[in-house]
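2 protein chains.
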Amino acid sequence: MSAYREMNRDSIGAELSSLRRRYQQMQQKGLMLNISRGKPGADQLDLSRGLLSVISESDSLLAEDGTDCGNYGVLEGIPEAKRLMADILELEPEEVIVGGSSSLNLMHDCVSIGYLFGYPGGTGGWGKEENIKFLCPSPGYDRHFSVTEHFGFELVVVPMNAGGPDMDVVEHLVQDKSVKGIWCVPKYSNPEGKTFSDETVRRLAAISPMAPDFRVFWDNAYAVHDLFPSEPDTLLSLMAELKSNGRQDMALMFTSTSKVTFPGGGISAIGASRANIAWLKKHFAPQVIGYDKINMLRHAKFLPDLEAVKKHKAKHAAILRPKFDAVLKTLDKELSGLEIASWTQPRGGYFISLDVMDGCAKRVVELCKEAGLILTGSGATYPYGMDPRDANIRIAPSFATADEVKTASELLALCVRLAAAEKLQAE
Amino acid sequence: MSAYREMNRDSIGAELSSLRRRYQQMQQKGLMLNISRGKPGADQLDLSRGLLSVISESDSLLAEDGTDCGNYGVLEGIPEAKRLMADILELEPEEVIVGGSSSLNLMHDCVSIGYLFGYPGGTGGWGKEENIKFLCPSPGYDRHFSVTEHFGFELVVVPMNAGGPDMDVVEHLVQDKSVKGIWCVPKYSNPEGKTFSDETVRRLAAISPMAPDFRVFWDNAYAVHDLFPSEPDTLLSLMAELKSNGRQDMALMFTSTSKVTFPGGGISAIGASRANIAWLKKHFAPQVIGYDKINMLRHAKFLPDLEAVKKHKAKHAAILRPKFDAVLKTLDKELSGLEIASWTQPRGGYFISLDVMDGCAKRVVELCKEAGLILTGSGATYPYGMDPRDANIRIAPSFATADEVKTASELLALCVRLAAAEKLQAE
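Residue numbers (the working numbering), protein chains in the order written: chain A, 221 to 647; chain B, 221 to 647.
I should point out that these hints are in silico values taken from the structure, not numbers from a laboratory.
Bear in mind that the values here come from a model prediction, so they are computed numbers and not experimental data.
One or more hints might be untrue.
[What the hints assert, rightly or not] Chain B is nowhere near these chain A residues, computed Cβ spacing over 12 angstroms in every case:
no., residue
1, S321
2, K397
3, R423
4, D512
[As the list claims (entries may be wrong)] In silico lysine-lysine, DSSO-like type, Cα no more than 27 angstroms apart, as pairs:
no., chain 1, residue 1, chain 2, residue 2
5, B, K501, B, K249
6, A, K626, A, K589
7, B, K397, A, K348
8, B, K348, A, K397
9, B, K582, A, K348
10, B, K502, B, K348
11, A, K502, B, K249
12, A, K549, A, K397
13, B, K249, B, K502
14, B, K502, A, K582
15, B, K549, B, K626
16, B, K348, A, K501
17, B, K501, A, K348
The beta carbon of each residue, even a glycine, is placed where N, CA and C say it ideally should be.
Working from the sequences, and respecting the hints, build out all of it.
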């Protein structure tokens, strides 16, 4: 098939008629599909069932340092859980606070602490200033953007390049004192599945923001979420780079086991310099006596070290790969050569990012919906839900079965073509 | 023994010498005792070991409405957990959000929401005003006071009467628009073990604060924590009273299973009117996808209804009563008639409150410490850690064994006498 742009009016008309017939046939199937949510599928959850029995009625609840996990105390978490999360974040256990079941909650709390009290090196709460801004590499994770929007930050879009956020833009924007931080998903980014290049990490570690307590919010949500465990993407350690620049206070790091064990039932962590950890502990102390240590102990027993995590994640990868494959093969088969769409080929994470013809994403999502396929709302990957090009669509293939994903991808590809043909005919 | 105040100088001198000899003997025992912490003892924790096995590897993780507790979603919690927590709070399930393992965290978050955004009926975030205040019935719970201190509220002491906070004072103070809320532990209060009288609850439900979004923070931490389950204190339903006044939005209620199952490993809840619940869900949505539903399911299976909770708590009571008895009998034996101390006789909760001679609490805590007994820091039960009379001491008999509690109480009583005699001799 040739590129749509090169087709004449009659050919486009014929293509549109053909696509409409196919679309009507799909509609008649009464499909009920959903590839909108970055949730593991039931088969993935089953991999972690052992976690449910790893501590039973007769087992000790003592952590390795003697802490009774069944009683109050220990704000920063038990040693074995700190070590596990530190290994995932490539930090020292002293640089980690283990949290509850939601890393989003920790990120929210860290934004809140910045808003109310600022961070070491700064001059107090960011919220005391008139106009505060946060950098949002986009497309990105809508829930990140929502946190800073909720606190009233102006969300500033930073384009994503192949190797991560456009660092020319970042270096320029941080010269504005009102810019207080940047959201990053550095490995297998949401939604593009991109891993920040070494150059990006080095340049990020070398920025000199005007705001003295600017913080990089480094959400390493997919640190161990390789689709090809024998050939994982490698991410340079931001903390190591920061330390060698004497700037170790500039980053706050996050991860969780939500997509390792049970989403919303796992454990989470903050990683940061000792100065930041001390600051965070001071500000967390009035908020919580300590997070759920029984669940920390469960996780540390079920996943005693990074090697165990990697073995466990390899089983996830084996389940996920066919689903990603189903999307990629279908898009390739249906859309290659038409020059109306491009998409990412992630080597990990939970998403594939699809760019359709400018001005067509909303229409594609709508067409899919009317034929029984729920996609992430168009625009969701941009601050304020506004995709300036109306082009980006996030595909989340994990929750549905591989067969469903294949059907969903066929319908999606059809709708991408239909929307493009509609647009070209209307031009 | 006669009242110390009625003894002449010689008699006090002789008493002091005798007490000092006994104190030296106690010091030589090399005691290491701690009655400072409101933590359940190991025997109490063992009562909940069944919780650890109530969901095992092969069990379903589906909630009764089909929600997969092992995956993301459902901000307000699963139906069976909402029902359980609603029953404890005497509310409807629709009036409840089930949280994570810390009700303190929920209270902190609710203060934060008020500070940043205010509540329905108000004019926006409390923090936008110059000078904001929070009422602190005292003696009270130090961690409550710390939350509002952290946000910069001025903490205003309200005296505690036999039936709860002095309502004349509360009614007067809420005429100040800068007063945004009041902390209450309405049943078996911390540290006095007092239950608010019907009159207190009715008057509280009838106040007309100047701040339009004033909120009663009703921490019903000890709702089911009766020491005498067949004759529990009864607490009038604040929500029922508020509803009959059309003022149901004025309270935010909290409870948790921290002292029912595992402290820091249980589940927590907010109870509130539908309007407040909607407001809270809107402000929690950017913060968290949902709290740990697996732990909610565990709790709902282990404690399927209020009857099960009461049976379970009766076992706790049987363990706690001898410890409370040991304190009360010892204080009675050693201090009755001396007119240098008074103490509460709680019928539930976790604490006994001891008032020593004015100006002596710090000295008593110090004397105890030097003989090997750790008490809650003097002043801790007052805002800013400042007890204006330097008289209140919180006794937490739950964590130590009954024998240890007996020895601790003997030492404590001795130190109360010693500090009083020292003071009288110096006068």
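How the hints compare with the structure:
1. Look at S321 (chain A): its CB is around 4 angstroms from the nearest CB on chain B, not clear of 12 angstroms, so calling it non-interface is violated.
2. With a closest Cβ-Cβ approach of about 22 angstroms to chain B, K397 (chain A) is found to remain outside the 12 angstroms limit, as its non-interface label requires.
3. Every C-beta of chain B lies more than 12 angstroms from that of R423 (chain A), the closest at about 30 angstroms, which supports listing it as non-interface.
4. The non-interface label for D512 (chain A) is inconsistent with chain B: the shortest C-beta to C-beta separation is roughly 4 angstroms, within 12 angstroms.
5. For the hint linking K501 (chain B) to K249 (chain B), the alpha-carbon distance of about 55 angstroms lies beyond 27 angstroms, and the restraint is violated.
6. Straight-line distance between C-alpha atoms of K626 (chain A) and K589 (chain A) comes to about 16 angstroms, which keeps the hinted pair within the 27 angstroms bound.
7. The suggested pairing of K397 (chain B) with K348 (chain A) holds, with an alpha-carbon distance near 23 angstroms, which does not exceed 27 angstroms.
8. Of the supplied pair hints, the one linking K348 (chain B) and K397 (chain A) holds, its CA atoms being roughly 23 angstroms apart against a limit of 27 angstroms.
9. Among the hinted pairs, K582 (chain B) with K348 (chain A) is inconsistent with the structure: their alpha-carbon atoms are about 39 angstroms apart, more than 27 angstroms.
10. Pair hint K502 (chain B) plus K348 (chain B) holds up; C-alpha atoms about 20 angstroms apart against a cutoff of 27 angstroms.
11. Between K502 (chain A) and K249 (chain B) the CA atoms are separated by roughly 37 angstroms; this puts the pair beyond 27 angstroms, and the hint is violated.
12. At most 27 angstroms may separate the alpha-carbon atoms for a hinted pair to count; K549 (chain A) and K397 (chain A) exceed this at roughly 46 angstroms.
13. A C-alpha spacing of about 58 angstroms is found between K249 (chain B) and K502 (chain B), which places the hinted pair above 27 angstroms, so the restraint is violated.
14. A threshold of 27 angstroms between alpha carbons decides the hint, and for K502 (chain B) with K582 (chain A) the separation of about 25 angstroms falls inside it, so the pair holds.
15. At roughly 9 angstroms between alpha-carbon atoms, K549 (chain B) and K626 (chain B) fall within 27 angstroms of each other, so this suggested pair holds.
16. For the hint pairing K348 (chain B) with K501 (chain A), the CA-to-CA distance comes to about 26 angstroms; that is within 27 angstroms, so the pair holds.
17. As the CA atoms of K501 (chain B) and K348 (chain A) are separated by approximately 26 angstroms, the hinted pair is consistent with the 27 angstroms bound.
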